[in-house]
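*Asks:* Here is how the chains run, residue by residue.
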Amino acid sequence: MATTAQRPATVLAAPRAEVRRRPSRGTRHRAGRTSLYVVLTILGVVAALPFVWMILASFKDAAEIRQIPPTFWPQDANLANYRTILQDPELPLFTFYRNSAFVAVLNVIATLFTASLLGYVFAKFRFRGRQPLFWFILATMMIPAQVTMLPGYLILLQLDLLNNLWGLIIPSFIDAFAVFLMRQFIVSVPNDEIWSARVDGASEWRIYRSIVLPQLRAPLATLGLLTFMFHWNAYLWPLIVLTEQDKRTLPIILTWYSNQHSSQANLVMAASVLIVIPVLIVFALAQKWIVRGLTLTGGR
Amino acid sequence: MATIEFDSVAKVYPDGTEAVTDLDLDIGDGEFMVLVGPSGCGKSTALKMVAGLEEVSRGTVTIGDEVVNDLPPKDRDVAMVFQDYALYPHMTVFENMAFALKIRRIGKAATESRVRDAAGILGITELLDRRPKALSGGQRQRVAMGRAIVREPRAFLMDEPLSNLDAKLRVQMRAEIRRIQTNLGVTTIFVTHDQTEAMTMGDRVAVMKRGRLQQVDTPDVLYGRPTNLFVAGFIGSPAMNMIEATVHRVDDRIGLRFGSSTLDLDAQVAERYPELKGFEGRRVVLGIRPESIEHERFAGVDPQGRTIEATIELRESLGSEALVHFTMDAQTVVTDDTRELVRDREDAEDAELVVEDRGSSFVAKIDPKARVRMGETVPLVVDTSELYLFDPDNGEAIAAPVEVSSPSSSGRARVQDAVLTLEAGDDA
Amino acid sequence: MATEAIGGVRVRRFLGGREGAQKRFVAAVITPALVFMATFMVLPIVWAFALSFFDFSPRRAGTPILGLGGDNPFVGLEHYRAMTDFSSDATLNVRQFHTAAKVTVLFAFLVLPLNLIITLPLAAMIESVHQRVRPIYRTIFFLPVLASSVGVAIIWGFVLHPQNGLLNGAISRITGNVTVISWISDPSFVFLGIPVALLMVIVAYLWQDLGYNLVIFIAALQAIPRSVTDAARVDGASAWQIFRHITLPLLKPTILLASILTVISAFQVFELFQVMTLGGPDDQTLALSVNIYRNAFRFQQMGWAAAMSVVLFFIVFAISLAQTRLLRSRWEY
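Protein chains in written order, with this note's numbering: chain A, 1 to 300; chain B, 301 to 728; chain C, 729 to 1061.
Hints may be right or wrong, so weigh each one.
[Claimed, not checked] Here are the simulated DSSO-like pairs of lysine-lysine, each with C-alpha atoms no more than 30 Å apart in a straight line: (1) C:980 to B:408; (2) C:980 to B:402; (3) C:830 to B:374; (4) B:433 to B:374; (5) C:980 to C:830.
[Stated by the list, open to error] Pair by pair, the computed Cβ-Cβ distance ranges are: (6) A:259 to C:826: 46 to 52 Å; (7) B:357 to A:46: 33 to 39 Å; (8) B:360 to A:192: 55 to 61 Å; (9) B:406 to C:984: 46 to 52 Å; (10) B:416 to C:1045: 31 to 37 Å; (11) C:1053 to A:66: 40 to 46 Å; (12) A:259 to C:813: 32 to 38 Å; (13) A:281 to C:834: 33 to 39 Å; (14) C:921 to A:101: 43 to 49 Å; (15) C:922 to B:357: 34 to 40 Å; (16) A:256 to C:922: 28 to 34 Å.
What the hints contain is simulated information worked out from the structure, not anything from laboratory work.
C-beta atoms are modelled at their ideal positions from N, C-alpha and C, and glycine is treated no differently.
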């Protein structure tokens, strides 16, 4: 349910074309080409500025951060802010990293498992109610998080899962987007392979594990990254479910810390760096896979 | 309508690879010039330089009397037909054909009539309201042609336009394109990797290899007087047999010896190769076309000095003739050129006729009535007036006399005849 | 599709007992999935609608049936009726709902054109630079998509800080005068009738969200075969005419879809409004999502919040329906 806010980006976009590019053209176009690079670079610098500003501010001390007008480059760059944060007994960062990682990793495992299994069943088996059920799952992608979060809260209240990290995991066990994505891939697994495994006497679970799963490595990797990213960054649902400090995940802790130290932007920025940047680097490196996931064709 | 001229044209990519090297080629007004060669020989690049889709690195490209090196494609007044047709998927057939006219602000009425005329020529009038998606491959090809025709351009540039069609349709479109081009009289450069297409369509054919022009001439001359091993092997199907032989003289007669066979060179042919004297006692590459080899019983000439002993490997009947693959105690010549040719033919339509590992395997085209069995050793007679001789060191023809070829009119008439024959033949 | 399915009638004929195994497998997978979906997908939707007909607070016990009734009385369509009260003596709740609806619609429909105006040319520009540097530019613009929304909200809060922010600092540097502008905290600061605070949230959201459409448009551009644009060039089209007559029409289906997805996600934005501006100043950035959250979990007015969420549901659902219609058209090259 929390995941319903996820953007169903798959339904978009054209098939990936392999990149066939002509080498750059000659002198005639060099001027236009140069100005293109200049414009793009300026835009790129502007786009990167907020991140740069955050990082630079995290190295400034309390006095410098209050200067009017503010400095851009830190006058006396130091790591004092980071030391303060890491030594703050009120802010056991490790606990929050662990909470976030626990939620994100378990969600990834659950999503990959349920999506590949359901995707397989929807792609390769005929059973009564298959089509309506699949359409229902697709339709849930269109329901805003704000609709389901109220009853979702009440359901967790009944199940006694409030203020429990499992409350961030169990409701998102099945992710509509993920099931859809996996089904699209599994459709292209040759039926003959499945048949021949059956003739060889493999059980259905065995076929799922030994024939279907190994062919899904790339899409599973992409889906895993997207799922991790989504749950690692999630804010609204954890905000509703988690009420005790030591259960909270990083985004909630970041807002809490920001409110606690609203007059010490240097500390807030250092905390933001600690929470935003590490995963940003990982995601940036895995970007190819994430982009692939976002631009995958619906491929009907 | 205009002439097109390549003057020492080269194309060098930023990474240093040279796709076209010092290309000199003059194409006459109204001429149908075919650029042919294996993939990667630079033929498409040369075409795109005329279109303005590729920058010219060195030399000049001239259309009419105008050097077009720095002219953008839109100002060159040439039309192009692409291999994948490149139809605009969001436009109807009519809109596809009218697009260039719309860009040029040609009036509605004129556009309408030009599109309808072109559609009439191509027989696609009833398709004008369809989108490309709803067309078959052959119909798309016609639309692509129509898009070029409505332009009434100075030149047609065709980049392997038939290669995505099935074999039958390809033969049909071959004749049709030639007919349309002849009627319109528009200078045309046609790029293909298929030598049959090149031979049947071109007024003249330019054979290219690795960016370099090998020979440009009428199909007849290319077939009869190839300047080097590459052209000799590329033109003709099945490909010419290449044998390493030694030249020796007995009395007045020049003989070519390979294995246990000796062929006496016809006196007439010997005259054509005055330079052969210098090769006496040395090795040469002897080329024999499969169609110059016949079964002894059907040869109708004195087999003396013309016979080779062939062990039959495989016989393929084509109805009016039969192909036999045979071995003899001689080696085929393997050079970079022949290797490239074999590689190229693997993809060609008659790939199955090419023995991949040629070793000592050769091909002859014989009378189908000749009963030969696999494994049998039979005498085959070679037409010694149709032998080709090449210098093994550089692959050049041994002093083939330089004949100035006459392009244009006569060539075109001949090809038209050929095309007509071809059409008749295809019905059979 | 049906023809691709494996577990058909034929199975029995050839493999006897195998069909039973397949049935058991499907049942073993689908049954728990159905239970799960009933609990976490169907029930919440039904429950949300039900809640909107009650005056409900989780603090009050109510009846055993989902806690509805009893201390949480049934009010029928009262919440929806109240929403249509545009008179000046409407309750604060209702007036806030009107404000929130206005803010959300304004936000979504300002974000859309601005997003497209930036992403389309940007995608075309990135697509036309050399292959080797393309990923660098793409990464820069895509990075914010990967960052947590909360982080984005906090970073932008500090970029726009009146005294110590980057924006005012840059303006001070350029003009030479110390400039203190309250970008997101001055309710009287209005530009073209739109609160500047809201515009700043839009700017931050555009920055965060551009990457999505950017990569989607780049992929769509790459799907257009080179020969099609080459054909247009030979046909005499200038760069602009190619863009206008070839590229743009070919991108149309992608643009439509991207538009709809952009609007739908804009309707659901929460973090920026909640963390960066806290709905302020003076409710000028009080989005529906924030208003629903506050009513449900701060003010314990879950019935009222549910009614508002149902309205949001219908808006988003209508747009989604349009999306599935438009999904059909796709070019074949």
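*Asks:* Check each numbered hint from earlier against the structure, then list the numbers of those it violates in ascending order.
*Replies:* 3, 6, 9, 10, 11, 15
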